[in-house]
Every structure is written in C-alpha cells, then in structure tokens.
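J.: Each chain, letter by letter, is given below.
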Amino acid sequence: MDIDEVPQDNNRTLGGYRKGVYARDASGRMVLVASSGWEVEEIVTSDAVEQLNEQAAAARKRVEAGLSSPLEYWMYARRMDLSLLAQSTGVWRWRVRRHLQAAHFAKLPPPLLQRYADALGISSETLRQLP
Amino acid sequence: MSADTFQHSHAAHCESGVMTNLLRHHGAKVSEPLVFGLSSALSFAYLPFIKLGGLPLVAYRMPPKAIIKALQKPFGIKFRFENFSTAEAGQRRLDALLQEQRVVGLQTSVYWLPYFPEDMRFHFNAHNLLVYGKEQDEYLISDPVAEDPVRCATADLNRARFAKGVLAPRGLLYYPESIARTEPRPETIVDAIKKTARIMHAPIPLFGVRGMRMLARRIERLDPAAENSGHFIGHVVRMQEEIGTGGGGFRFLYAAFLQEAADIIGRRALAELAEQLLAIGDDWRAFALASARMLRGRDPMEPPAIAALLRKQADAEEQFFRTLKHAVQ
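Taken in sequence, the protein lines are chains A and B. Position in the first sequence (from 1) plus 432 gives the number in the working numbering. Position in the second sequence (from 1) plus 90 gives the number in the working numbering.
Don't read these hints as lab results, they were simulated from the structure. Fair warning: there could be bad hints in the mix.
[Claimed, not checked] In silico EDC-like pairs for lysine to aspartate or glutamate, Cα to Cα no more than 20 Å straight-line:
| # | chain 1 | residue 1 | chain 2 | residue 2 |
| --- | --- | --- | --- | --- |
| 1 | B | Lys163 | B | Glu237 |
| 2 | B | Lys159 | B | Asp281 |
| 3 | B | Lys141 | A | Asp479 |
| 4 | B | Lys254 | B | Asp389 |
| 5 | B | Lys284 | B | Glu408 |
| 6 | B | Lys285 | B | Glu408 |
| 7 | B | Lys284 | B | Glu178 |
| 8 | B | Lys254 | A | Asp550 |
| 9 | B | Lys254 | A | Asp513 |
| 10 | B | Lys284 | B | Glu172 |
| 11 | B | Lys141 | A | Glu557 |
| 12 | B | Lys141 | A | Asp550 |
| 13 | B | Lys159 | B | Glu273 |
| 14 | B | Lys224 | B | Glu178 |
| 15 | B | Lys159 | B | Glu267 |
[What the hints assert, rightly or not] Chain B regions said to be covered by chain A (calculated; three or more residues, Cβ under 8 Å):
| # | region |
| --- | --- |
| 16 | 93-105 |
| 17 | 236-250 |
| 18 | 316-328 |
| 19 | 339-351 |
For glycine and all other residues, C-beta sits at the position ideal for the given N, C-alpha and C.
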C-alpha cells in the first residue's frame, strides 16, 4: 500500500479518531500514516455492533412480554453474555440464568441486585427497569 | 527521566506502541516496527475452541504480553509486573508510582474506557496504555492508538483495570526498573527474524500457514445461505484490519521492520523481502475487501471463493518465510 492509497473514508465507527497504518512513501520507506478509516473496516465493525444491538433489542421484547427480567436486557445492552456477567459478578452461571427470569429477578435481595448493578456500571434502580 | 518529559507518539498497535513510547522515554532509540519485529510478534493463529462472543479466536500476532516479555532480553530490561486483588490497592500503587514520576504501563479492558469510540468498545481485556501523570481526579494517558494523549477519570480507569472475564487484567501494571542497552545488538534482530519464520512454519495445524489453511477449510464449509456465515468472515476481517494492526494483519508493520533491519544488520536482501511482504499485505487487503463485499451483499456470498483467497495467502507466506529464513542464515 502506497501513501496515496491509504483509505480516508471518515468511518463513523471511529468516532472522529484516526488510526495508524503503515504505507510506502515516495522514497520507498514504510511510514506510519493516520487514516480516518476504511469502508471495509466500517462494514465489519458495524456488523458486529448490529449483532449486539439485535440481541439487546430481542431481550427488550422478552422483558416487555414478561418473559425475561430487565437483567437480560442490561446484560446485552452492556455487550456482555451469560459467562461474562457470571465472571464479573462472581455468581454461578446457573444462578445468573435463573435471575434472567422475571419471577426470580423480582425476589432478588438488594445486595445481590447491587452486585449485578455494579458489574453493569448502573444503579440498582436503573437495573430494575428498561430504559 | 521525569514523567514531565514524556513524549506521546501515535502507533498502529497498542502493545508495540506502548513499548515504543516507554523505551524511548528511557532513552532507547526505537521505532514501533523495530519493537514489533524484534519481539517476533508477527504470527497467525486459528483457535476454534476459544470462542469470543460465539466466534473462534483468529489472531495475526502472538498472544498479549508477548511483546513486553520478548523485549526484556534484547534491551536487557528488568521489568516489574504487579497485580492486585482490589481496585483500591491497585489505584494506591499506581498513584504512588506516578508520585515518583514514573511512566507506568497498564493492561485494561477496552469496553470501560470512556474515551474510546462507542462502536469500538468491546469486552476485550488485553488493551495496553501508559499513564504518565494525574491531575485532580484525571489520569493523563498515552494510548498509542490515539493520535494525542487522552484523559480518563479515576473511577473509569479503575473499572477498566479490574474488568473480569477472559484475559482479566487484575490491575496489571508494569514499568522498567533498569535498561541495560539503548540499541539492540544485530544478532538479536537475526534471532527474532528466525523465530518468526519458525512460528509461521510451525508443525501444528493451528498456527502459521497451516493455521490459515485450517481456517480456509472451515470457511469453505460455511453455508452461503446462513446469516452466520457473513458474521464469521466479518469477524476474521475485524481481527485482520480493525483492531489496530497497521493494515494487512500486521504485514505492513513487519515490512517496515524488515526495511529497518536491512539497514541495521546491513543485508540488502531484507529490504527486497520487505517489498514482497508489502505485496502480500496488499493481497490481505484484497481478501478483506472481497469478504466485506459479500458480507454487505454487494457480491453473492461464496465462502469457497474466500477460502481460495486465504489459501493463496498461505502459499505466498509459506514461500516468503522460507526465503526470509535463508536470507538471515
């Protein structure tokens, strides 16, 4: 890749940052060039982010239908999954899975609720409902 | 060596960027490509049994911390590595080191760093950055993937340092206690190149060119109609281009290293090989472009075509690293 071939596609996913890539300058040396992004990168990153957003949206529907607890929504909204939430709270996976159910979640003791809230970086009041 | 004199510079990759800035701060004359090549960081690995969000681990480089550790010998560095069981203890120690005017390396999660772009915040725990000061409640941070220094509030940095999950940092901080050499000896460069050639020809199907062929076989079997197939090849491209590789899955960065190595050890052949690797890197970019077009539906989804491109890369790199090995014999 030559310097004039370094993509400058102003990727939305980079949020205004420029990333460093290496390219060949006029004298043939490889040098670091700041790039505002390549469309290819935007496509694959958006695809990954969309997948996470879809999971959160699907969880929201389940919560609204009374099938799941808000914990499931917040887990996906924070881009986590069951095993990461379990590891982040120190709660066994099977217990976390129970707490994703609305009925079990409603009976959570405040300290445990607080533990989930801390791991998700929100307050326990926020965790109790959908945003 | 006061932290006031610290100079931030932009880099392609977090770990090689951190080590470049840290070594320069301690008087070494290094560039990011030299740090990357000297630590034999270039690689390829496909580990289908390690899943990240349901997708297999694909890496174009050696595992996290490999660069930091590999630089100890060539520069005669004595590193201190410290982990902590609580965020309070970790913060106390970091603040004390900053009081002593030290520049400190940290391993952190990407997700909990507020200055990261929203779409880049995934739960990846092996990000590296340097802290060079603190003003009121904000740390002064040199994150090499950003063009300029950034700032981060204490509570946010604590959270990023003590994130849980795969590769949990457990508050890891590191700093050099002493550095014996400011320039690597030529023979350590030769050794590093030999090691990379050996890794790329590893007799294990998961690594090097054999890992690429194994991944090609997996891609070939993807169902063109399944939605997941697009996510799978998109994931491979993300690991190659998006997560700070300098383009072409670190191949351009390594080509830059070969140019420098050619000057340091006085072998023209390495500069010619750098040109070859540049061409291979361009083909990796073509592979990424073809994958992204299929993912977006601009071209019909044809996993066997993607697999064929990947096999071509494996063949080209098999030949390339053989020639490279002979060039430094």
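J.: Going back to the hint list, which numbers does this structure go against?
T.: Those not satisfied are hints 1, 4, 7, 10, 11, 12.
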